[in-house]
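In case you want the letters, here they are:
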Amino acid sequence: MFLRLRNWRLKMSNYVMRLTSLNIPAVAVGVLTLFARPAIAAPDSTAGPLDTAALSSFLETHCVKCHGEDKQKGDIRLDQLDFQIKEHSAVTEWQDILDVLNTNEMPPEDETQPPTEELTFFIGAITDNITSAHKRLAATGGKISMRHLTKREYLGSMEDLFGIELPRTLLPDDVSGEFDTIGADQFFSLKQYENFYKAGKEVIGKNLLAIASPLPKPTTLRHDPEIVPAEAAKAAYEKMIKVKALIEAGAPFSEIVKVDPKVADEGQAKLFIARYDKRSVKPIANYEKTKGKKGVSGSFRYTVESRPRSSYELKIVALEALEGDVEVSVNGKSVGAVNFEPGQSKTSTELTFSTSIFDSEITIEVEGRKNEVYDSVALSGPFEDKQNKPTFFEKVVSREALNSDASDDEIAAMLKRFTERAFRYQGVSDEYIAELVKVYRLEIAAGKDAAASLVEPLTAVVTAPAFLYLKEKNDGTRRILSQQEFAIRMAYFLWGTPPDRELYDLAASNGLYDDDAVRSQFERMLGSNKADVFLTDFINQWADINRFDEIDLPVKLIRNGFETSARQEISEFFKVLVRENHSLNHLIDSDFVVVDEKLAQYYGLKTDLAEGFEKVTLPESSPRGGMLTQAAFLITGSSGARTSPTIRGTLIREKFLNDAPPPPPPNVPAVENPKGQKLTVKQLVDRHQNVAQCASCHDKIDPIGYGLENFDYLGNWRTEEVLGGDDSDKKTKKKKGAKAKPALEKVAVDASGYLKDQPFEDFEGLQQVLLKNRDRLALSLYESLLSYGIGRDIEFVDDAEIQKKLSDLKSQDYPLKEMIFTVMTSRTFATK
Amino acid sequence: MSIDIQNRRAFLKAGSTILALPLLDSICEAQAAAPNPKRALFIGFGFGCTEDTFFPTEAGRFSDIGMTQGMAPLKRHQNDITMVSNLTNHGASHPHSGSTSYLTGANVYNTPGKKFHNSVSVDQLVARKIGQDTRYPTLTLSDSATQDGHGAGLSLAWSDKGHPIPGITTPIDLYAQLFGQAKESSQEREFRLAQKRSILDGVTSDFKSTKRKLSKNDQDKLEDYFQSVRQIEQNISREVEWAETPKPKSPLREPGEGMDGLRAVKTMHSLIVAAFQTDSTRVITFRQPIGSVLLGHGLNLNPHSLSHYGLDPKRREVSQVKDRLFMELLASLIDQFKSKQDLNGQNLFESSLISYGSNLRSGHGIRGCPAIYTGGAAEKLKRGEHIVLPEQDTPLANYWLTLMQQIGVPLEQFSHSTGTLDEMVS
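Residue numbers (numbering that gives the first Met the number 0), protein chains in the order written: chain B, 0 to 831; chain X, 0 to 425.
Just chain X, same shape as in the assembly (with noise of 0.2 angstroms):
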């Protein structure tokens, strides 16, 4: 297949969520139960990696090739992980901006007439087709920093009109949501349903009579109102749906207050495995934080004049120290995959495919951004290899929709994607 340039820049002119909408429906439709449920995660960590010690430049198996320096740490899962080199998110343009666009792919800058537009992530259309049969569609767990190197947004998830949806930030409000067991009966809520359908009743009344005396663009404002409120309404329809079916008990303990920044991301990590574990959700997306792990690492550095380690002979050796520190945490992750099961008695790392990654390479770069893979809930999908892609910059939404169709979502097209990658499957 080869593709048109003109067709292409037409298309990115066109702004990329026009295109990736209409698709929605029919991805709903194709939806049907399926006996082995497959699970996606997503983990997204901002600011880059210390260029010459962490990147692999050699392509191979990892178990010819050896793991570098910042890599060491997920030698035991050298068969595992797949890492793609070659990738550029072209929709990213800012050097602070790990996370904006990395499961979006928008050029959140430079949509024309508007100041800032970000369009649908890889997470929510994964969840339309493998995220209908469980209590929550998605889980979109966040951090609150504002100095790691993600940019604008509240998670890594935006909804189908590019807004940013907003994350369960710590390990107490996740557990809550997922074992919290809610104090109100059926009947109650089902009062509470007619309650709300009641009140919406009311304001859409009120609102078609001011409606008239609104612009255009101040009615699309207050669409977003609407929405909101009527998924107050689908969320208790939901609610009534699984009522029958108890929250599932906790494999975990309950965490406490006052932790670390690194016990934090590793209680989120457990509660994770355990959401999956509990069939809670199939589709998790996790924006990582930095600053929080280094603090409870010993390590009081702002991430962003760590991601300048050129500058210090000892900001470099902090910058690989994180590196490992975080790829110690992405093997542990590992481990307690590979080590639970399912309800159905599949292993869990065996049903999953966890995804790592930024836009960010390293400093200011965001040419050749980190992609790691891993899991086995692609069988197509290959597995402890180093994948050096042909081309440079070859768009990170190729990468998405391949990894999207290798787990069943039958999409053809994704954001500013051109084709999937070949190279990434056996």
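Pulled out of the complex, with its shape left as it was, chain B reads as follows (with noise of 0.2 angstroms):
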């Protein structure tokens, strides 16, 4: 019953082509995330112009003889195909014809056969045809999908309505495309309500708890480390004592185990003896350091039960003099130091803290030295945390209403408060209030007290569309936001919150669409600390700092914390490079970095930094300097234990060039090496260009790559390289008595490539190569900064507004702080 037709295979074929291959570009090998990325590539990309003469010759002839006025094997003509894709037929048509000849069907096995240059050249250009065809014909006319907020805009939203700092382990990562803002990326599924709703029900509990729990009476507790280490001490010496006495006394093996069950037999007793001088060092001087002076040497750490949202005092008495602050800290965060005059014989040091909300427990730690004794540690607490300003939570709900009889007004009034916040003041009716009413009188139905009661209700609000979801009025036209509107969209691009008290005023002032008055908001914004998140999401979801995270490090470098710094190396760079508003140059070449002690030594650099980032002047020598050299980048550049030019190739076309590689077409015929040649990375990518289905995409990746072979696979400076280093062999478990390796043959690091028509020798030459091309760069950030902040894909429909904006920019030389500034007051901004 299946099909039974003379000329299936062919149709078969077309219909297998029609359906296959239409990709949105993506992704560099390998990394693949819930939506392949989506080009923003123009047609005006590097690719050029088409040259629609050269295309045309190719399929006059080699394909018209067959498929043409004359003859149309397979009812499939190709003398009239129009260049100009401008439907989806036409998509698939290309399509149809791009496949059969990735697949090397046709031409037919016993016609001439295209020259490899030739099928190179028709096929990368037909690829990059549909690519920016598909874009052309997914485009929505700068549709903006309503989207729920993200796990960011999530924490900052609640913490603005709790006032406290919540764990980012609330809620789960989120999974995303190119940028978790976009909405029509976004499936909301029943997983992620019960995300939301866990972690609301969690933070609302537990405010409520601190609210409604009476302050206990203030008591203090001493914990006397000293006592268990200074007992063992003398245990330890006290039985050292007996010990000799017994040997000495030339008493029965039996009985010296009975005191010692380490003394193993006769003559490690002899032993003994002769050992007992040196064995007994240690267990007398501990001994005799804690002998009626009470103490304990060194670090310890002591956990009590306590109460969240309280502030307590700690006072730590020591009884030798320190050399220095001695830190102390409180459930892993530092709260100050033991310090005092040194020759005092016994001096104690006073220390107060606050306990979070989440704080059920406070675990304190002394990071003391050997030669510093302690003698006790007294807690005192629960007092009123007088740092604590009532947050608007406790304003909303006091301790008072929650203790009374509160009737239904008065709760629908508090209710009402709450919720007016939480759905960022674009109202709430009466009805919804009334609702949530009836489920908190069905709590206290249900016997629980009103605290209690509240949960679910508050639960529901933190739960509901109006605050997981940004509301953007619309009729399905575009429009310019209302100027509240406007002031959320704002506050949730520079901040990830909603907006402040002063933001929401002036835009119910409709004050804020006015240039000084936006100005100066963006500035007070964009400068306080709560732009960091801000400026660190963006960044790192534009260099796609997850497929960092999705190496496989050396152990080595993962223990020794190597790993977070490296990560956190570009968004340190960037939060300077934006507030200092430094020219986008600096991301392909900078004479600084912005690095921690452990990268300034994973650089060679001679730094001697305190804790955290600094920006740090490089010398002349060094090759470091822009983003390209950061450790993490050229690691994501690497596919095993070697350095990978095609995915170095692709984050370069994809970040710095605007020009995302299509993604690998299926069914091409895979490249191999041939048995026994040890070649280097270079050598192997470049068979690549053997084969015209690989070459037509690999000829604008790898060459582009090759800039970067000064650099190994952990992005440290090499000029040798080894060959036939591989990946399968270094990382697979050593087998038991492997063979010694033979003497590594090593060759000089050739690392000259082109970009298209522009080649280059060395490093430097790829980075001004990038350079000469920084006008992509530009376009990249600022369609990649939008695309962020407004929550949908860069249509064509964008173009003529980001070009005149562009060359605004650039005649200031691209400063990226008035790049971000540019890109919030434009008009697409305020647009739904």
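Please note: incorrect hints may appear among the correct ones.
[Unchecked claim] Listed below are the simulated PhoX-like cross-link pairs for lysine-lysine, each with C-alpha atoms no more than 25 angstroms apart in a straight line:
| # | chain 1 | residue 1 | chain 2 | residue 2 |
| --- | --- | --- | --- | --- |
| 1 | B | 415 | X | 212 |
| 2 | B | 261 | B | 150 |
| 3 | X | 246 | X | 195 |
| 4 | B | 142 | X | 212 |
| 5 | B | 142 | X | 113 |
| 6 | B | 261 | B | 281 |
| 7 | B | 281 | B | 243 |
| 8 | B | 415 | X | 207 |
| 9 | B | 142 | X | 210 |
| 10 | B | 472 | X | 337 |
| 11 | B | 470 | B | 200 |
| 12 | X | 212 | B | 205 |
| 13 | B | 470 | B | 142 |
| 14 | X | 313 | B | 745 |
| 15 | B | 470 | X | 113 |
| 16 | X | 160 | X | 215 |
| 17 | X | 313 | B | 200 |
| 18 | B | 345 | B | 233 |
| 19 | B | 257 | B | 241 |
| 20 | X | 210 | B | 472 |
| 21 | B | 470 | X | 381 |
| 22 | B | 314 | B | 332 |
| 23 | X | 246 | B | 197 |
| 24 | B | 85 | B | 142 |
| 25 | X | 215 | B | 470 |
| 26 | B | 472 | X | 113 |
| 27 | X | 246 | X | 337 |
| 28 | X | 210 | B | 415 |
| 29 | B | 677 | X | 313 |
| 30 | X | 160 | B | 470 |
| 31 | B | 415 | X | 215 |
| 32 | X | 160 | B | 142 |
| 33 | B | 470 | X | 210 |
No lab work stands behind these hints, which were simulated from the structure alone.
Assembly of the complex is requested from the two constituent chains, each provided in isolation within its own frame, with the hints serving as guidance.
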């Protein structure tokens, strides 16, 4: 019953091809996210204009004989095709042609085959043409899909309501495409609702509990950390003495073992005497040190239960002189240091700290040194935390309100006040509040107290669509946002939170659509450290830092914290570039880096940095500077234990040239490596050039990546490369008794390559080429900022404004802070 | 039956979901309580296999043609497994997406006016017929791998609307879902149901007032939200229905933390068997990881690099080890099915259909995708053979349609199917 047609094979293959292979351009090799990366590449990308004459000539020479006016084998005619793809069916037709070429099906085996260069050119040009056509056809005309809050924005919005810092682990990380803010890519599922519900309920429950539970009477708990070690020292010392006495008195072995089971046999007992002096040094010293004066030396840790959101006093008594400060931390955060004048025989240090709403216990850690002796720790509390100004939530839901027998109206008023802010002052209906009161009454009727009865209705508010979704009025046509909507979009862009009072007020008085006002709000907001989350999250998504997370680093580098530092470098660098308003040239090359001590050492810089990241000027001799030389970028561009010019080239095309390569087509012939040859990475990758189907794209990817060959797969500078390095041997578990490796053969690194017709000799040359093409980088960053800010892909309708804004920015040498301001004040940013 | 090419093209242009949906209701009506339940398990494995050592070339009974080197671990089941060659998922286009459209057949990147569009998956359709009498109509199991050749999506399963269905990714979570005892009394549950309904009423009324101010597109977006909330209500109602039936006692020990990837997949397999054994569900999909399993076996190699095994003889060797390792896993899974009975005393293997495959054949190749099935749930399906279909690139959707019909799902059309495969049926 299955299809029985004589020319089935031909028709079927046509049909297959019709269905396969049209993708939006994706992702570097091997890296897949929920959605393939959309092409931001405009038709004016580095691909250049379509050479239709050459394309026609190819078809004419190789195809039209069978698929032309006279013959239409398989019902296919190729002499009348329009190279300007205007509709979906045309995409499909071109895709068919591409697919039969990619799989070597056409021209048929018995016909003359096109020369490799011609085929490479044709496949490459048609692939690019389809890519841009697909983007054009998927365009929505600038429609922005409503979206729900990202994890960053959810936490920011909850922190705004509750006035407390929330743990990042409250929600799982978002799974997203290019930017997490793009509404069209979001699919809301039950799972997400449950995550929001769980997180909301936890925050609300803890807050209500903190308000409702009265402050217990403060008490003081004294902890004598010395007691345990002092007693241990005494016991060890006394055992020593006893054993010695027994041996000297000639006691039988069985008696000795009773005192010290570690003495294994009589021979050892004899030896014991000889070694006694040496072995007893430590117990004696410890005993002497603690004898009669109670104390513990070195570090210690102490955990007690505590009340959330309260203040505590900590008194630490030390017995012997300290050299400088010793850090004291509570629940992993530093709260101060033990410090006092040396020479004092006994001094005490008093510290205060507060517990957060999530702290139900306190762990005190003192990182002391060996020659320091502590006597005791006294913890007093809980006290009312004077530092805590009442939060918005505490003002709305006061302790008094919870304890009284509130009427429905009072409960409704309380819920309404909370809900209005949660819904970003975009309106709350009385019917909604009435439903919430109903839920509250259900809980009361079930026997819960007032605080517990508020958990569900309040959780309902922070899981309602008006809270979880950003609401922008729209009748289906594009329109300018209201000032309030603009304020909300602006605040979520720059801060990842709702607007603060000042911004809300300015919008409410219609004062925000004013050049000076918006400028001063921008400066205020970007200057605040609340903008760190934007600068970090945006650049991390732009740079695809999650690709770095997926690389398995050598254990040594993970253990010493290098991985964390390397991951952070790009965002620390970007924060400096933006806040100091540097030119975007710095992303390609800069005379400084922003590093911590670990990275400074990794890069061979002589520094002595305090904790954290700092700007460090590079010496003339250093090859570092710019994003390309950052360890995380270089390591992302690796494959196993070798560099991957393909991934590096892809990343450069995506980020720096705004020209993401199309995804690899299916069914192309595989590249094989001849057996027994030892190749450099460049020679290995160059094998793509031998197959037209591969070369058509790889010729525009790999040679760019060659420019970074002086950086090995871990991002270290090198001038020589080991031949035949590959991933599969190095990372597999070593077999026992494996043969010693033969001596490694090394050759000088060749970092020459090209971008289209622009050749370069080495890494510096690559940087020069990229600087020459920096308009592409500007476009990449501008479009990405805009896309992130408004929550949709950039389309052709945006082009005119973007070109205008970029030419303004170019005349100022592309300053980065100014670029963000320009994006935010563009008409597109204010349009729904 | 012959097929009109023009109509097929028109259908394909229209997109596949649209046609599949109207049939759903009729499936539900057709459902009746089966005395001898049937079960279905779909495993998808991402990147493909080693071309010249995994795939058999000769057609015939495995007992005659023998097993290839890659499939050798399945030898003890050679009279029960069937492999079908010359299939191609016409919806697949991306050479790194073995799983995105594996059970849907949708052409996700080429639906007019959409950046990404998928359609309902086979398991969801099957569950409408055979999954209605159990605590869970389907169980969706998945991995959290991003580099294993699965492509976009969260699991193999996609909803009616073509939205990704998130899966359970760890043995601990799966165990809790299957055997964790609810702390809620039935009274508390009724209460929670009333509460949720009230909250839903609240948001619905709030939504009504704002709805008018939103574009059609945004209203659709919000509909996803309401769908989720309604689903909670349905789930609680279902829990109420099942409240009198306590969860089964587990035939297995509770899994612990800190398993390596190989151990985790083995445990997932045992829990799949336990889920069927206790009749907790009758339809399961599992998007199986590669990288973590290899790591558990002591091989640290990115699965994508491994799929390009032709570049290096050492890689080829590892690729072959990988094939065998996964076939060993499948063989032991079949062993477990064969050794267990369900609650009615039926043999688990004889009452199940197990399907194993991917959109990806080998390297970047998507033509001739690997398709293996086994189990006795569908009496008429041939067992123990390598079937080579006469036409290259026969739609994978035809394979799914055949499997669905054979286990009693009354569908005439699925995704881009053009018919059923008589070659598979005796």
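Right, here's what the structure says about each hint:
Annotation: proposed proximity of residue 415(B) to residue 212(X) holds, straight-line Cα distance about 22 angstroms (limit 25 angstroms). Proximity of residue 261(B) to residue 150(B) is assessed by CA-CA distance (about 57 angstroms); at most 25 angstroms being required, the pair is judged violated. Taking the CA atoms of residue 246(X) and residue 195(X), the gap is near 24 angstroms; set against the 25 angstroms cutoff, the hint holds. With a C-alpha separation of about 15 angstroms, the suggested pairing of residue 142(B) with residue 212(X) holds against the 25 angstroms cut-off.
Under the criterion of a C-alpha separation no larger than 25 angstroms, the hint pairing residue 142(B) with residue 113(X) is consistent with the structure, at around 12 angstroms. As the CA atoms of residue 261(B) and residue 281(B) are separated by approximately 17 angstroms, the hinted pair is consistent with the 25 angstroms bound. Of the pairs offered as hints, the one joining residue 281(B) and residue 243(B) holds, with about 16 angstroms between alpha carbons and a cut-off of 25 angstroms not exceeded. Of the pairs offered as hints, the one joining residue 415(B) and residue 207(X) holds, with about 18 angstroms between alpha carbons and a cut-off of 25 angstroms not exceeded.
A distance of roughly 18 angstroms separates the Cα atoms of residue 142(B) and residue 210(X); the hinted pair therefore holds under the 25 angstroms criterion. Straight-line distance between C-alpha atoms of residue 472(B) and residue 337(X) comes to about 59 angstroms, which puts the hinted pair past the 25 angstroms bound. Only pairs whose Cα atoms come within 25 angstroms are accepted, and residue 470(B) paired with residue 200(B) is accepted, the gap being roughly 23 angstroms. Pair hint residue 212(X) plus residue 205(B) does not hold up; C-alpha atoms about 36 angstroms apart against a cutoff of 25 angstroms.
Between residue 470(B) and residue 142(B) the CA atoms are separated by roughly 14 angstroms; this keeps the pair inside 25 angstroms, and the hint holds. At most 25 angstroms may separate the alpha-carbon atoms for a hinted pair to count; residue 313(X) and residue 745(B) meet this at roughly 21 angstroms. Restraint check for residue 470(B) and residue 113(X): satisfied, since their Cα atoms lie roughly 22 angstroms apart, inside the 25 angstroms limit. Proximity of residue 160(X) to residue 215(X) is assessed by CA-CA distance (about 17 angstroms); at most 25 angstroms being required, the pair is judged to hold.
A distance of roughly 53 angstroms separates the Cα atoms of residue 313(X) and residue 200(B); the hinted pair therefore is violated under the 25 angstroms criterion. Taken as a hint, the residue 345(B) and residue 233(B) pair is honoured in the structure, with Cα atoms around 22 angstroms apart against an allowance of 25 angstroms. In summary, the hint linking residue 257(B) to residue 241(B) is supported, as the alpha carbons are separated by about 11 angstroms, within the 25 angstroms threshold. Between the alpha carbons of residue 210(X) and residue 472(B) the distance comes to roughly 9 angstroms, so the proposed pair stays at or under 25 angstroms and holds.
Of the supplied pair hints, the one linking residue 470(B) and residue 381(X) is violated, its CA atoms being roughly 56 angstroms apart against a limit of 25 angstroms. Our distance criterion of 25 angstroms between C-alpha atoms is met by residue 314(B) and residue 332(B), whose separation comes to about 17 angstroms. Between residue 246(X) and residue 197(B) the CA atoms are separated by roughly 24 angstroms; this keeps the pair inside 25 angstroms, and the hint holds. For the hint linking residue 85(B) to residue 142(B), the alpha-carbon distance of about 20 angstroms falls within 25 angstroms, and the restraint holds.
Only pairs whose Cα atoms come within 25 angstroms are accepted, and residue 215(X) paired with residue 470(B) is accepted, the gap being roughly 13 angstroms. Of the pairs offered as hints, the one joining residue 472(B) and residue 113(X) holds, with about 23 angstroms between alpha carbons and a cut-off of 25 angstroms not exceeded. Restraint check for residue 246(X) and residue 337(X): the C-alpha separation of about 24 angstroms stays at or below 25 angstroms, so the hint holds. A hinted pair counts as satisfied when its Cα atoms are at most 25 angstroms apart, and residue 210(X) with residue 415(B) qualifies at roughly 20 angstroms.
With a C-alpha separation of about 13 angstroms, the suggested pairing of residue 677(B) with residue 313(X) holds against the 25 angstroms cut-off. Taking the CA atoms of residue 160(X) and residue 470(B), the gap is near 23 angstroms; set against the 25 angstroms cutoff, the hint holds. A threshold of 25 angstroms between alpha carbons decides the hint, and for residue 415(B) with residue 215(X) the separation of about 29 angstroms lies outside it, so the pair is violated. Between residue 160(X) and residue 142(B) the alpha-carbon distance is near 21 angstroms, which keeps this suggested pair within the 25 angstroms criterion.
Distance check on the hinted pair: residue 470(B) and residue 210(X) sit about 10 angstroms apart at the alpha-carbon level, within 25 angstroms; holds.
Hint check: violations occur at hints 2, 10, 12, 17, 21, 31; the rest are consistent with the structure.
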